[in-house]
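If you read the sequences in order, they're chains D and L. By my numbering, the letter at position 491 of the first sequence is numbered 1603, and the numbering carries on one by one without gaps. By my numbering, the letter at position 55 of the second sequence is numbered 74, and the numbering carries on one by one without gaps.
Treat the hints with care, since some could be wrong.
Said to hold, decoys possible - Only pairs whose alpha carbons sit at most 25 Å apart, straight line, appear in this in silico DSS-like list of lysine-lysine:
(1) D:1411 with D:1385
(2) D:1315 with L:66
(3) D:1314 with L:253
(4) D:1315 with L:238
(5) D:1648 with D:1544
(6) D:1166 with D:1283
(7) L:66 with D:1314
(8) D:1411 with D:1389
(9) D:1648 with D:1548
(10) D:1315 with L:120
(11) L:134 with D:1312
(12) D:1314 with L:120
(13) L:66 with L:134
(14) D:1411 with D:1283
(15) D:1312 with L:253
(16) L:57 with L:134
(17) L:66 with L:120
(18) L:66 with D:1243
(19) D:1312 with L:120
(20) L:253 with L:238
(21) L:238 with L:134
(22) L:120 with L:134
Claimed, not checked - Now the in silico label distances, taken between C-beta atoms and shown as ranges:
(23) L:141 with D:1340: 46 to 56 Å
(24) L:225 with D:1594: 40 to 50 Å
(25) D:1640 with L:140: 42 to 52 Å
(26) D:1173 with L:263: 50 to 60 Å
To be verified - Looking from chain D toward chain L, a few residues come up when the C-beta cut is under 7 Å (computed):
(27) 1349
(28) 1351
(29) 1356
(30) 1357
(31) 1366
(32) 1596
(33) 1626
(34) 1642
(35) 1644
(36) 1721
Keep in mind that the hints were calculated from the coordinates and are not lab data. Note that the coordinates shown come from a computational prediction; the quantities given were computed from them, not determined experimentally. Built from N, CA and C at the ideal position, the CB exists for glycine as well.
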Amino acid sequence: MNEKKLHKFQSPLSRRRFVTGALAGGALYGLSPLGAMASPSVRKGLQPQVLRGKRFDLDIGFQPVNFTGRERIATVVNGSVPAPVLRWREGERVTLRVTNHLAHDSSIHWHGIILPTNMDGVPGLSFDGIKPGETYEYQFDVNQSGTYWYHSHSGFQEQTGMYGAIVIDPKEPDPVSYDRDYVVVLSDWSDEAPEDIYAKLKKLSHYYNFRERTATDLWQDIREKGVAQTWNERAMWNQMRMSERDISDVTGYTYTFLMNGMTPEDGWLGLFKRGEKVRLRFINSAAMTIFDVRIPGLKMTVVAADGQNIDPVTVDEFRIGVAETYDVIVEPSDDSAYTIFAQSIDRSGYTRGTLAPDASWTAEVPAMDYAPILGHRDMGMGVDHSMHGMSGMSGGTQGMSQHDMGQMSGMDHSQHGGMQVVDQSPHQGHMKPLGKAGFGSTNEIMHAPTEFGPQVDMRADSPQSGLNDPGIGLRDHERAYGRRVLTYCDICNYNPTADPREPSREIELHLTGNMSRYMWSMNGIKFADADPIELKFGERVRISLVNDTMMTHPIHLHGMWSELETGDPRYIARKHTILVQPGSKISYLVTADAYGRWAYHCHLLYHMPGMFREVRVS
Amino acid sequence: MTGAEQPFWLGNTRKYVLLHCLSVLALAGIGQAHGASKDDPVLTMAKLDQFEVRDADGSDPLIMEGQAWIGQDLNKLWLKAELEYADSETEEAELQALYSKAIAPFWDVQMGLRKDFQPTPSRSWAVLGVQGLAPYLFEVDTALFVGESGRTALRLEAEYEILFTQRLILSPEIEVNFYGQNDEATGTGSGLSDAEVGLRLRYEIRREIAPYIGVNWFKKFGNTADFSRSEGAKVSDTQIVLGVRAWF
C-alpha cells in the first residue's frame, strides 16, 4: 500500500489531534472532521461551542493541544480550550453533572454566580472536590443575567486550559440592545507545567522578566540628568532592592496569549454586517495576565462590568483584570475589518482577533504600546514626592514607624489575627464615624504587626485611591494617543443600590508579599496560617483593601457582591473581582446575605495559594 | 595511595558528613511549625556558581563552587561546596552543611558545620553566617567559623551584577578570609589571610545555563604568604578563567 492510501484510512480524530498551531491551532471545538482540513478562511469562522438548556453533562479530562508547534496535554472541559459556552436563562434551575476523568481531584467554580455555598465548587470550603472517576451534580437557581465564566478551582488546572464562558439571558427585556453577540475569552497558555513555573518563581522571582534596567539605561540617565540626580533617583529602588520593571510575574517569554483559544497567528474571527450593533463579551480567564483591550478604529461602549449592567460609558481602551468581564457594544459603520487587540499589561505579548464583514478580510495588527515603568505612586508613596531617600516609605528592614504607633493609641479597635477591624457599634463611643456608603473609607491606614517579617518586603505608607487611576502604562494614553481609558470611577450601576444601608463596620486588609522569595499573603499572614474572616449573616460591611505591593492584584470574593464605591451611593457598582492598583487602596461594601464558607483571594493563580482568606458567614 | 592523598570520600569522613547532615536536618525539623502547604511546597535547588578552568603557569586548575538547598520559603537545609583540582590532585575541598532560616525580607541566618577535606590535615568548624541581598543589590555571604583547638575564621563574600543586555551580565565579586590563628599544617596564617577578586562575564543562553569568561585575581597576605613562599607556591596571580554557571 502506498502512503496516500494509508493516510486515507487514518481516523479524522487522530489527524485533528496533531494539527499544529500554525495551521489550525489549539484544541478544536466540536467540529466535524472536515473542519480540520478546511481552508484557513473557513476555519477562522470558528466559534466556541455553545451548550444551551437546563441540564448539562460536563466532562473534565485531558486533551492534547498544540498552540506553539509543540504538543502538550491540557486539562479541559468537554474536549476544548476554552470550554463550551454555557448559555442559561435567568429564573431557571440549572443542573450540571460534572464528571472528572483526570488522574487527580478537580472542581468547577461558577465565577460570579450567586448560589448556595455547596454549589460554589471550592475544594475544602464548598465541598471535597470531585475525585477522579466521580461525578458531582451541581444544581442551583439562576437569579441573575449577564456574562460570567467558569473554571477549575483545583491546583493549577486553570492554567492548563480549564476555563469557559457563561452567558445568562435576562428574563426581563435586556436594556442593552444588540444585533449579535460574541464571547471573547482572553487567556494565557504556557507549554511549561504550572508547577514548574511556580518552582522557578520561587527560585528566581525575576526568571520571566526580560525588561530589566541595563547599563545602557544607566548611561542614558547619567548623560541626561547627571550623576547626582541619577544616583538620587536610583537610590530608592536600590535601597528597596526592587525592580521598577517588575510588572508581570509570568510573561510572554513562556506565554502564548489566546483569544477564544486561538493564537494571534491564527486570529479569531467574528463576522458582522455593516450598521449592526455587536456585543462583545470580554472575559479574562488568564492565570496571570492582565490585558489592555482596544479596537483601533472603533469606539467601545461599555454596558456591563462583571456581568452587571452599568450606565453606558464610551471608551477607546480598557484594562481587564484576571477574572473580570466587560461587555461592550461596537457599531462598525462601514465595511471594514477591525482588529480586536489585547496586549498584556507588561507588553511582553498580545492576542488579537478580527471583526469583519467578510471571512477573508483582516485588519492591520497595531504594535504594542511602550512597557510601563513603576513610579513613586506605585510604591504607595502618595503623589510624586521629591526624592527624600527613604522618607515616607517603609522598606523591608525598618520596624514600625512612630507614625504608626501614634495612630494605634488614638484608635479604639480590635485586632483579629492581625486584621484591622473598626467597629461602629454604639458602645464604641468616641470613634471617628465610618465613611458614608458610596464614598469609601476615611480611616487611617494601619499596618498590623504581622506585616513585619521575612514574608513582607514593603509597606505602602501613603496609598492613594485607585478609583480614577486607569493603571500603570495607561495613565498617559489620553494625553499621548487621544485614547479615553476606562477607570473604575466611570462605572455606575445601571440599577439602584440594592441595599441602601450604611456599613456597620469596616475591615481593612492589606495585600502583602515578598517578591524575591515569591511569598504572598494578606496582612503578612498566608492562608494556611490565617483565621477566617467572620461575617454575621445580614450585616453590611465595608472592606478596605490596601496594596502593600507594587503589583496589580485582582481580588475576588465568592458568593456575595463586592459593591464598589465610586462616589454615588444610589448607584453603587456591583462587581465580583476588583483590581487593586500598586501601592493604592480601594474599598467596597458587602452585604453578607449568603451563609457558608466562601473563598476570598487574589485571582493571579500563583498568588492564590497564599493571598487567600476564608470568609465565613454565619 | 598514602593517607594524605586519599580521596576525601573514603573512610570515616563519609560517616562524619552524614552525621552532620542529619543533625542539621533535625534542627530544620524543629524549626518548622507545619508541613508543606500549597503555597509553600518543599523544593530543591542546585547551583553551580563557578565551574571553570583557570589559566595558570603550569597545570590549569579546575574549580567548582556550588550550592544546593532543599526546603521551603523560610527554612532550608543548605549545602555549599568548593573544590579545586589541579595536577590530578584535589588541592582544596570544602563542604558546609547549614540550616538556613529567613530572618528578614532579604536575609537568611545560617548555622551548621564546615569541613575542610583538603589540604590535609582536615579541619572541622561550626558555622554561623548570614546570606542575602544588601541594599544597592550586593549579594552578600559572610560567616564566622569556630573550629577545634580554638581556631576561628571569618569569611566575607560579595557579588554584584551589571546587565549589559538582558542576557549578557558582568559579575564582579570579592572574597576575603581572616583567621584567628596560624595553622602551619594547612598553610593558613593569622589575620588577613587571602583575598580573591573576580570579574566574570556570562551569557545566559537560558536562565539556567550561562557560559562565561573572566579574570580571577588572588593574593595571599601575611603569614599565609610566608607559608606559600616556603612551599614554592605563588603568593598572588591573575588568571583568565573559562567556565559555565548553571542551576536547576
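Right, here's what the structure says about each hint:
1. D:1411 with D:1385: holds, 17 Å
2. D:1315 with L:66: holds, 11 Å
3. D:1314 with L:253: Roughly 42 Å between the alpha carbons, so the hint for residue 1314 of chain D and residue 253 of chain L is violated.
4. D:1315 with L:238: violated, 34 Å
5. D:1648 with D:1544: Distance ~23 Å between residue 1648 of chain D and residue 1544 of chain D Cα, so the pair holds.
6. D:1166 with D:1283: holds, 15 Å
7. L:66 with D:1314: Roughly 14 Å separates the two Cα atoms, so the pair holds.
8. D:1411 with D:1389: Cα-Cα ~12 Å, so holds.
9. D:1648 with D:1548: Measuring from Cα to Cα gives roughly 20 Å; hence the hint holds.
10. D:1315 with L:120: holds, 16 Å
11. L:134 with D:1312: violated, 31 Å
12. D:1314 with L:120: holds, 16 Å
13. L:66 with L:134: Within the cut-off at roughly 20 Å; holds.
14. D:1411 with D:1283: Cα-Cα ~29 Å, so violated.
15. D:1312 with L:253: Cα-Cα ~42 Å, so violated.
16. L:57 with L:134: With a Cα-Cα distance of about 36 Å, the restraint between residue 57 of chain L and residue 134 of chain L is violated, given a limit of 25 Å.
17. L:66 with L:120: holds, 19 Å
18. L:66 with D:1243: violated, 38 Å
19. D:1312 with L:120: holds, 20 Å
20. L:253 with L:238: holds, 9 Å
21. L:238 with L:134: holds, 23 Å
22. L:120 with L:134: Judged against 25 Å, a Cα distance of about 21 Å means the pair holds.
23. L:141 with D:1340: 46 to 56 Å: holds, 53 Å
24. L:225 with D:1594: 40 to 50 Å: Since residue 225 of chain L and residue 1594 of chain D have Cβ atoms about 42 Å apart, the given range 40 to 50 Å holds.
25. D:1640 with L:140: 42 to 52 Å: holds, 48 Å
26. D:1173 with L:263: 50 to 60 Å: violated, 42 Å
27. 1349: violated, 9 Å
28. 1351: Where the cut-off is 7 Å and the nearest Cβ of chain L is about 5 Å from residue 1351 of chain D, the hint holds.
29. 1356: Cβ of residue 1356 of chain D sits 13 Å from chain L, so the hint is violated.
30. 1357: violated, 10 Å
31. 1366: Violated: closest Cβ of chain L sits about 11 Å from residue 1366 of chain D, beyond 7 Å.
32. 1596: This hint is violated: residue 1596 of chain D lies away from chain L, its Cβ roughly 34 Å from the closest one there, beyond 7 Å.
33. 1626: Because about 5 Å separates residue 1626 of chain D from the closest Cβ in chain L, which is inside the 7 Å limit, the hint holds.
34. 1642: This interface hint is violated because 11 Å lies over the 7 Å limit.
35. 1644: violated, 16 Å
36. 1721: holds, 3 Å
In summary, the numbered hints that this structure violates are 3, 4, 11, 14, 15, 16, 18, 26, 27, 29, 30, 31, 32, 34, 35.
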